[in-house]
Amino acid sequence: MRWKALWTILAVILAGIAVSVSMGSPQAASLQTSQRAVLDKYCVTCHSQTAKEKGLVPIALDKLDLSHIGSDAEIWEKVVRKVNAGVMPPPGAPHPDKAASETLTSWLTTELDRAALANPNPGRAPLHRLNRTEYANAIRDLLDLEIDAASLLPPDDSAYGFDNIADALGLSPSLQERYVSAAMKISAMAVGDPKVRADGSTYRIKQDVSQDQHLEGLPIGTVGGTQVRHTFPLDGEYVFQAKLYRTNLNIMRGLESAHNVEFAVDGERVLLARVGGPADLDALFQKPTDTGDAVDARLRVRIPVKAGPHVVTATFLQESQAAGPGRLQHYIRSSVDNFDWSGQPHIQTLTINGPFASTGMGDTPSRRRIFTCVPANARAEAACAKQILSGLARRAYRQPISETDLQRIMKFYESGRANTENGGFDAGIRTALQRILASPQFIFRIERDPAPGPARHIGDYELASRLSFFLWSTIPDDRLLQLAGAGKLSRPAVLEAEVRRMLADSRSRALVDNFAGQWLRIRNLSIVSPNSDLFPDFDDNLRQAFRRETEMLFDSIIREDRNVLDLMTADYTFVNERLARQYGIAGIYGSQFRRVPITDPARRGLLGQGSFLAVTSHAERTSPVLRGKWVLENILGLPVPPPPPNVPPLKERANGEKPRTIREQMAEHRADPACASCHKIMDSIGFALENFDAVGAWRSMDADVPVDASGDLADGTHVNGVVELRAALLKKPDLFVGTMTEKLMTYALGRGIDYRDMPAVRTIVRDSGRDGFKFSSLVLGVVRSLPFQLKMAPEKEIEVAANVRH
Amino acid sequence: MFVTRKSLSRRTMLKAMGAAVSLPFLESMIPALTPLARAAAMPPRRFGAVYFPNGAIMQQFTPKTVGAGFEFTPILKPLETFKDQLVVATNLTRSHPGSQVGDHAVSAAGFLTGVWPKRTEAEDVLANTTIDQIIAQKIGQDTPLPSLELATEDFTGYVGACSPGFSCSYMNTISWRTPTTPLPMETNPRAAFERIFGEAGSAAERMERIHQQQSLLDSISEEAASLQRVLGPRDRVRMNDYLENIREIERRIQQIERRQGTQIVTGAAPLGVPDSFDEHVSLMFDLLAAAWHADVTRVFTFMMSRELSQRTYPQIGVTEQHHSVSHHTGNPEKMAKMVIVNTYYVQFFAKFLEKLRATEDGDGSLLDHSLIVYGAGMGDSNSHASDPLPIVLTGGGVGEGHRHVQVPVRTPVGCLWSAVAERFGVPPVERFGDGTGKIDGIF
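Protein sequence lines correspond, in order, to chains L and E.
Read in order, the letters of the first sequence are residues 6 to 811 in this note's numbering.
Read in order, the letters of the second sequence are residues 16 to 458 in this note's numbering.
Derived by calculation from the structure, the hints in this document are not laboratory data.
Where is the CB? At the ideal position from N, CA and C, for every residue including glycine.
One thing to keep in mind: the hints can contain errors.
[What the hints assert, rightly or not] To be clear about the criterion: a stretch of chain E counts as covered by chain L if any three or more of its residues have a C-beta under 8 angstroms from a C-beta of chain L, and this derived list gives those stretches:
1. 197-210
2. 225-236
3. 245-255
Go ahead and model the full structure; you've got the sequences and the hints to work with.
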């Protein structure tokens, strides 16, 4: 506490100095003159008005007024960014010494921050549609019901690297139609609808899952298969049907020896079927299609299941390895060959159909959540319905509901209840729930624009929503709404306590899945498919392990409130047997993940993780360009512009000879000056990572050539290998923390951030630095920041409205 | 005994593949449908646009000779059987040739719009109303769905899958209802099925559901209208879009009610998104054929894959990613693979045409009464060329078939859409997008 107080005092003094210096004092004037000299000497040679007019450079610095930095904030923010990151002046040009460039950037940022403080601009809070993830989470929290949003709603567009950007979340008739249809389906699922028709859900297992090994989460003593959490709409009978994989020639795989397939519901075995063995194999040779169908027919069972969510598994019992055909399989992936019918059978789909012969709506978590009262008699029904529905609507709309809103909902209750065929109290609630879920107040986050004029604080309910969508990707819980209702949420102490509570809550897992999942591109793993001829070991098991490792690292940063730099440097990681094997870590057995210390410094942090290394590779090789770009954008905060127009394609050499290494190919690439300016910066970062192949394995040879992992970074630092690269990137920790803060703000606000937000970003980084860059300090910084706390009417609203054509 | 990859001929494999992807479920819904009333043979009654990503090897696409009776190139070979209802149009270009910024985004967004979309990440996307939507305004109003938009790849949350600086909307759809309203494309066959045929149920149940939808929509629009009063101008515009959408759905519901007599018997709905590309694309084509047959819609757009697609096609021996193969650098081996991929896509389209040809429609077949464009917004993929674009027109709507029409070099693709609009009886479109007029003599 004492230190904190001291820092605060120091900060105030420093700010005071900054203010007094810039207030036209003689010191200010001389500082201004000296900075002009630095700019003239190192920047203006290229960045002149003349050069700009010729289209040689995007910005000019010679004519800007240094006494009003704030009026050219957009340009100066670019200068700060490039100089800080060491990419300007460009490699090869004369550089100011470290002290001079630091003086320049700190003078510029002081001026920029001062100007921003005088005229705060938090941007606008546009109408914000819930994205698919938020919608599913909201349903989960509102109704205690898990839904597969991807099957109910169409895909969302992304922008600025995230799928929760208000302006990218569009509207269309088909989308609107899906919302109405989703509202009807979800209501039936949550309340129960005795007239619901039997329907099927199919769960598919990716073809590249190796099913000859135990999969995490499945029962011990099993291999392969799948485990799903399925919600059963009614008490009744359901049909479970699995289908086994067939090769491209339509021959069922894995019948040459016997295997036992087990289905279980909540761990209770409901089917044990034998497939394969001499008789099946014989029949397979006679009639491949019929035999396959006959075998699948054994993997079918109809059993009674209670309504609500249950864990369903379909898997193989582990057989003794000795009983196998003893085939020689020299790669890890068990399904690498689409024509190979021998080896382990693979479950391809599991379909659950039902309900048949339903016996009632049952007692489900959703019904327990919804029915907070049970009317004793018909006269008590209306009051109970009101209680239930106003509670649900308040949560769903994230604020107190108006009398008109309640009336609208009650009208649906009445009509549902009065339905002659399928009516009653429950039906009334179900129908009214449809209305709540179809409401624009549920589907949109609506913040009313304040009157034109200076920025104002958002209301407490709006704050509650901003917080919960940021930290949990869902609607606020009761506690947040209560605090908002009491007007207490915005009190600094309460706000901080709430943020800490929310981070500690399991729902903050959303930050891993949605924030880190997109920032670090973990989600992109789902379409990584390395060439199976070159990487026959790569299977979905490894893909999932890559994903889990990075997710768990990020999760540990949140849970343990660590320094966010640990993302780059952590001396621990999380592996299972499959991943440990890929990384060459000995002594790790089994499919479950565990925390292990890292002994090889190359593997520390994100740059040593398979997720990053694989998503930045091509199917057949690594890509130093993509890796360099990833690092620039996600670590250093330097967006890489698209290639310039009219790039001639890379020519094959006349003699048909191919460049031997990636490095040679890239050298040809960089021979063109138009390409070189960016590629010099990107490629050298990528080269330093060349010891990792396209699937994250360590290598010292690339084909028959020793790996050369050396390169010169833009600021002239020579690095060799990932360890030196990491050290160089973290020389200025503010760059990484600043980049992470920008991403966090983009995600928190649901809009692209620009130069006007940079003063807020710097404040967050500075404050967080005093707190050891703890994750919570970054989050609190964002929550306390001006763009998060304030809003203002759009600057040119009439113009904007006029521009939107129809 | 091992069956290894090497010992297999490609033909055997394709045969097996074909067997695996035939999906009988849609056949079962056909009998109960009433065929369309006999109508005059002209103009075509239906319009479709099928998009393939990442460009083509143009030398293997474009016929060598101009005019009637050209010889089919390797990529177009699967379409030879439809030659009498087929026209190849060459030398068309997207607008702004020369610039190559955001190529993939502008290829998808520039194809049916005929414009260069505004460079922006999110706030203010701006392209042009697409030709399918212009036709839908003319011929799509008597069917429950004015138009249907399908695709196969869902890129939600996938970062870096869009061209830098360009909104993802530009790549996620090829259909724009207005210059500022991209229409999202449905990738889930189950959802597409329900959109076309409604959810399963008896006629009474379906009518009840429809009425329920209607009362929900009425109530929602009332609520939205009252919310609109408290919103700022920009949000008011968005809320207005929202209300318009609701009215559009209400229109659709009325259409369905009007057809109450025509009960559509549906087979089992497909379950979820197939894992295999073959199955997914075939399923979507089947759904489109069924939607036309049932006259649920007369206009569709289908993006077989998305620009920048990273798919690999081990089933046809292409284990590199589509996008990566498309940058072939003139390497003959890679170019050969790209030709395989291009041809593979055409094969799916040919199967679709076959289905349309086999489906009776009044005095002819569905194919006879349609105009379907197959093409892309990118020519030679290696250089991201914006011209010449690979474009084939098929169906009875082309008039005299087996022609290779070569227009002047760099004719804006909008000129083709002007001609197409005219073909559908849309009042003359002077300048479609950046087009400078209309191509004469293409139909």
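Status of the hints after comparison with the structure:
| no. | hint | result |
| --- | --- | --- |
| 1 | 197-210 | holds (count 11) |
| 2 | 225-236 | holds (count 7) |
| 3 | 245-255 | holds (count 10) |
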